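Trainee: Sequence lines, in order, name chains X and F. Everything in the first sequence is counted per this note's numbering, starting at 1 for the first residue and increasing by one. Everything in the second sequence is counted per this note's numbering, starting at 1 for the first residue and increasing by one.
Note that these hints are calculated values from the structure, not bench results. Just so it is clear, the structure is predicted and the values come from calculations on it, not from any experiment. Glycine included, every Cβ here is placed at the ideal spot set by N, Cα and C. Treat the hints with caution; some may be incorrect.
[Claimed, not checked] Ranges between beta-carbon positions, derived for each pair:
no., chain 1, residue 1, chain 2, residue 2, range
1, F, PRO267, X, LYS94, 24 to 32 Å
2, F, ARG77, X, ILE311, 22 to 30 Å
3, X, GLU67, F, PRO267, 20 to 28 Å
4, X, GLU67, F, ARG76, 14 to 22 Å
5, X, SER355, F, GLU182, 53 to 61 Å
6, X, GLU78, F, PRO154, 35 to 43 Å
7, F, GLU182, X, ARG16, 29 to 37 Å
8, X, GLU67, F, GLU253, 56 to 64 Å
9, F, GLN27, X, ASN309, 44 to 52 Å
[Stated by the list, open to error] Pulled from the structure, derived: some chain F residues nowhere near chain X, Cβ distances all over 12 Å:
no., residue
10, PHE73
11, SER190
12, ARG228
13, PHE247
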Amino acid sequence: MTEPLPSTGLWQPKRRRSRLVEGLVRAVCFIFAAISILTTLGIILTLIFETFDFFFDPFFRQALWVEQLPQILPEVSEAQRQALADQIQALNPKQLSSGAEALGLRPPSPVAGFFYALGRFFTDTRWTPLFKSADFGIFVLISATLLTTAIALLVAIPLGLLIAITLSEYSAPALRQALKPVLELIAGVPSVVFGYFALLTVTPFLQRLIPALQGFNALSAGLVLGVSIVPLVASLSEDAIRAVPQDLRQAALAMGATKRETIQAVVLPAALSGIVAAIILAMSRAIGETMIVTLAGGQNPQPIDASLNFINPLVPVMTMTAFIVQVSLGDAPFGSLAYKTIFAVGMSLFLITLSLNIVSYWFVRRFREKYE
Amino acid sequence: MVDASPSPLPDSGAPGAEPRFVSRRSQRQWLDRLFQVLAWGATLVAIAVLAWLLVDILSQGLGRIDGQFLTSFPSRRAGKAGILAALAGTFWVMVTVAAVAFPVGVGAGLYLQEFAADTWLTRLIEINIGNLAGVPSIIYGLLGLAAFARLLQPITGGRTVLSGALTLALLVLPIIIVATREALRAVPDSVRLAGLALGGTRWQVVWDHVLPAAFPGVLTGVILALSRAIGETAPLIALGALTFVPFTPGCTEGFPYVNPLDAVRCPAAIWQSPFTVMPIQIFNWISRPQQAFHENAAAAIIVLMGMLILMNSVAIGLRSRARKFQD
């Protein structure tokens, strides 16, 4: 085997070429797989970068500056202070330090402005970022989001769970085959269509029952949002329920338990981890949902105050996602405060949904009942 | 079991003992029936709500669909408005999404299922794909806004068809990857082993044997992903897609307005063009106060749902054909 094979016209494998192609394909496929990592990195970096930009916005430094005037210049009269405040507000945000020299006053440091902004973000009780006297209380938007989500869960948990029980415990296989596509159909309806339904069908219908209900409200947004996540709760719960071994059911029935008792006392507890995970995932979906709450919920951030309108399901509210839509529909130039604000809101939204997804993942792993 | 006669329980009747077990059978069976009715009732409620939605939209919009509606640009007057720009935008965006997401998603699925060794990097990618599926779609819009519309503006031209399509492609990638992996997993290992035993490289085996066997499943996943993308509104609004567009992408000014040849003739006029899509047009019409625009919205919803049902039935047909081949 030392001398090369004579060229006899026999087939010879093109090993080198095959190996080259193989390597190329592997590399390209790896890059494609890595795009998912890049997407995550892109999302996180974008949100972090723009959110920091938001908190470092000169607007907050100027606001802090005005707030500190009484301490910086205690001897100056109220009217003069007011005039100075107006001058500070009128400064060009891009040239704050040179403007400060002209005034003869030292502005607060950017870091001080950052922490001031952070404080405003979490403690303001109003959300008016597009007004002249802007307030940035994120909890106004979070409370509205939680309100619609809570209403949605009140609909989706009982409906979704009962549907899952029907599918797995009560319906004949043929009927189950017919019901599943109905759920898939509901899951496939675009959210803007549910938005149409909530605003133009459900709200007028509910207004006949509840005269105090306003044209935009959290109630019908939440109800329809709930319907839209029913398929998610139902199909994930059904998976969990079907994973419970048949032996357990038969044992319970053999002990003389009725079917309902078997389901409530044996099947549901055994499937609990999967069901809870499904509910948490559905909650995360409801929090991130946009079109239903924007169309039917309205665009009115309700201040957190004693009137308790921020938890009133009958009045218009503004969720986090609705705010992002509102700003995006108006023209927010790149780099403007409004542009940065939607990223700060997006960051809050991302963190909330991410932590819910992690909790759901952890829950399944921690509390899963293993049957062998 | 020697003594068959029922002996009284030792504690029954004894003073101070616990009361005997009472089966309360009729009450329990009544509860049982109630629960069953409740469960079926919930299912009926879901079906009823879906029927209510469909009937309402059909009754509102069906009368509005005609040739004029399909071939008109948006207008201030509801009676003159149409969905031409939205249809053209949806067409070009979806074509681009498919062109980007199909190869990338299938390639990523191939890598994870066929090529990758089980390293920390592979596992990271897998967990990451699971997480991406849980990110709200509007967040993808923010990513598209910052990355495609702003950072890559020289290439994409800002808030354009290309930016929108890339954003939606990222959004549906996890769906395609998961579907591809499932389809590949369904191909029996004997196919791979036979190919490798004959001296094929991994790629040759995958390309010639595994992928063709998995292809219907892959295609089903791609179509389902596209049907998700076609109804997405929020990310494109966050990206800054327009709501009033009196033109179509490309350089075909008159009939037929959407010309696939434009992709070669004037690519920049397509992909760097501002755009609107069906869901955004619907959103715009819903948010106007006049009833006539709401009818337009319902009519556009019928068209959109029609497209969705068409895509889904193709996917279901493919899926059942794929099952037939496997048996």
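Trainee: Each hint: holds or not?
Mentor: Right, here's what the structure says about each hint:
1. F:PRO267 <-> X:LYS94: 24 to 32 Å: Violated, since PRO267 (chain F) and LYS94 (chain X) (Cβ atoms, about 38 Å apart) do not stay within the stated range.
2. F:ARG77 <-> X:ILE311: 22 to 30 Å: Distance hint for ARG77 (chain F), ILE311 (chain X) is violated at roughly 41 Å.
3. X:GLU67 <-> F:PRO267: 20 to 28 Å: violated, 54 Å
4. X:GLU67 <-> F:ARG76: 14 to 22 Å: violated, 46 Å
5. X:SER355 <-> F:GLU182: 53 to 61 Å: violated, 28 Å
6. X:GLU78 <-> F:PRO154: 35 to 43 Å: violated, 52 Å
7. F:GLU182 <-> X:ARG16: 29 to 37 Å: Hint holds: Cβ distance 35 Å, inside 29 to 37 Å.
8. X:GLU67 <-> F:GLU253: 56 to 64 Å: Since the Cβ atoms of GLU67 (chain X) and GLU253 (chain F) sit about 57 Å apart, the hinted range of 56 to 64 Å holds.
9. F:GLN27 <-> X:ASN309: 44 to 52 Å: Given a distance of about 45 Å, which is inside 44 to 52 Å, the answer is holds.
10. PHE73: Holds: least Cβ distance 20 Å, greater than 12 Å.
11. SER190: Given that every Cβ of chain X is farther than 12 Å from that of SER190 (chain F), nearest at about 22 Å, it holds.
12. ARG228: Per Cβ check, ARG228 (chain F) is inside 12 Å of chain X; nearest 8 Å; violated.
13. PHE247: Holds, since 19 Å exceeds 12 Å.
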